[in-house]
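Each chain, written out:
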Amino acid sequence: MTLRDLINKLLGRETASANTARERLQLVLAHDRVDMSSLTTDLLDKMRKEILDVVAKYVEIDFEEVAVSLETEDRMTALVANLPIKRTLTGEIELKKNEDAQKKK
Amino acid sequence: MSKNTRTILICSGKGGVGKTTLTANLGIALANSGASTAVLDADFGLRNLDLLLGLENRIIYTAQDVLDKNCRLDQALVRHKKEPNLALLPAGDPRMLDWMKPEDMKQISKLLSEKFDYVLVDCPAGVEDGFKNALSACKEAIVVTNPELSAVRDADRVIGILNTSDIKPIQLVINRVRPNMMANQEMLSIEDVQSILSLPLLGIVLEDEQVIISTNRGEPLTLSESKSPAKKCYLNVSQRLIGKDIPIIDPKNEGKSLKDKFMRLMQTKIF
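These protein sequence lines map, in sequence, to chains G and C. Every letter in the first sequence is one number past the one before it in our numbering, and letter 63, counting from 1, is 63. Every letter in the second sequence is one number past the one before it in our numbering, and letter 270, counting from 1, is 270.
No lab work stands behind these hints: they were computed from the structure. Think of the CB as a built atom: it goes at the ideal place given N, C-alpha and C, for glycine as much as any other residue. Keep in mind that the hints are not guaranteed to be accurate.
For the chain G half of the interface with chain C, some residues (derived, Cβ under 8 angstroms), not all of them [unchecked claim]:
1. Met1
2. Leu6
3. Ala18
4. Ala21
5. Arg24
6. Leu25
7. Leu29
8. His31
9. Asp32
10. Arg33
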């Protein structure tokens, strides 16, 4: 907070418009950067299914707990897949840990 | 042959933020510092660089004529009379649309890089074919923006595309900066814009009526004797571009009146 913000607050005036601009910009850019036009929900669903099919060939997945999503940080959008493995299909060992498959967009 | 030419895309996404003015002024400033410089107007649909440089009556051929072998490159280049180190090449004629492909632009930029130290490519607004054509001809980029929502948003789109190409470095110029409004916090600050776009800052250009006057005359500010604030900024940007280690002009130091000083005090972060 700046000196000016404080005075504005005390006087019950509106905050300076640069703050509003910054906040609005950050919101709109968060949307823009994900670029939903190139990766629609349909496509994401399709991709999720295919990834699961491949992984399910090798390990048994807990389908209830599967989560595939897009996460944006800085300028990079990442596809984050959380696929809890119940057991490997070849072995008998119970696997409790999760496997994070990360792919960069 | 194989000069170490720097081919620089000057782009913004949004129109009217000052790409062409920056291209003209940087072109003159670079040429004036002794580097042979070409400015290529890649906006062949709506070309304006010739007007800003006062060369509109001297264009006979375009880059397209060079590619079609209607003329030699030398014939299409328009040398500036007051600054012979600078030459303008319009990409095409306003009457011809949709003729150019990325390969054509690459070809032109290759031809230019055999002759010049610097090639500045004035990019059309938008993120469509015109932009992508211009982009394919360049090795580095300068993104121009204003401290305004719409300009920053469009710049962000452009940076997103640039980041997926081989172009680097990508540097930022913030144009039409009003120190008083920034001090009043009624305009996005330099730090705001830079941190949102996360690009290295090449420089800033102050809002200045002289820019309009110089455009009316077809004489870029960097060519004139004036001591205008914008001219000082353009020179600063060009010096930093050629690698001089000088500080960016700080808008906080530009307002000199008592009121400006008071406004600066109000900007102090207290917590």
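For each hint, the structure was consulted:
1. Met1: 6 angstroms, holds
2. Leu6: Status holds, d = 6 angstroms.
3. Ala18: Result: holds, 4 angstroms to nearest chain C Cβ.
4. Ala21: With Cβ-Cβ at 5 angstroms, under 8 angstroms, it holds.
5. Arg24: Nearest chain C Cβ about 6 angstroms off; hint holds.
6. Leu25: The hint holds - leucine 25 of chain G has a Cβ within 8 angstroms of chain C, the shortest such distance being about 6 angstroms.
7. Leu29: Where the cut-off is 8 angstroms and the nearest Cβ of chain C is about 5 angstroms from leucine 29 of chain G, the hint holds.
8. His31: At about 10 angstroms, which exceeds the 8 angstroms cut-off, the nearest Cβ of chain C leaves the hint on histidine 31 of chain G violated.
9. Asp32: 6 angstroms, holds
10. Arg33: With a closest approach of 7 angstroms, the arginine 33 of chain G hint holds.
In this structure, the one hint that does not hold is number 8.
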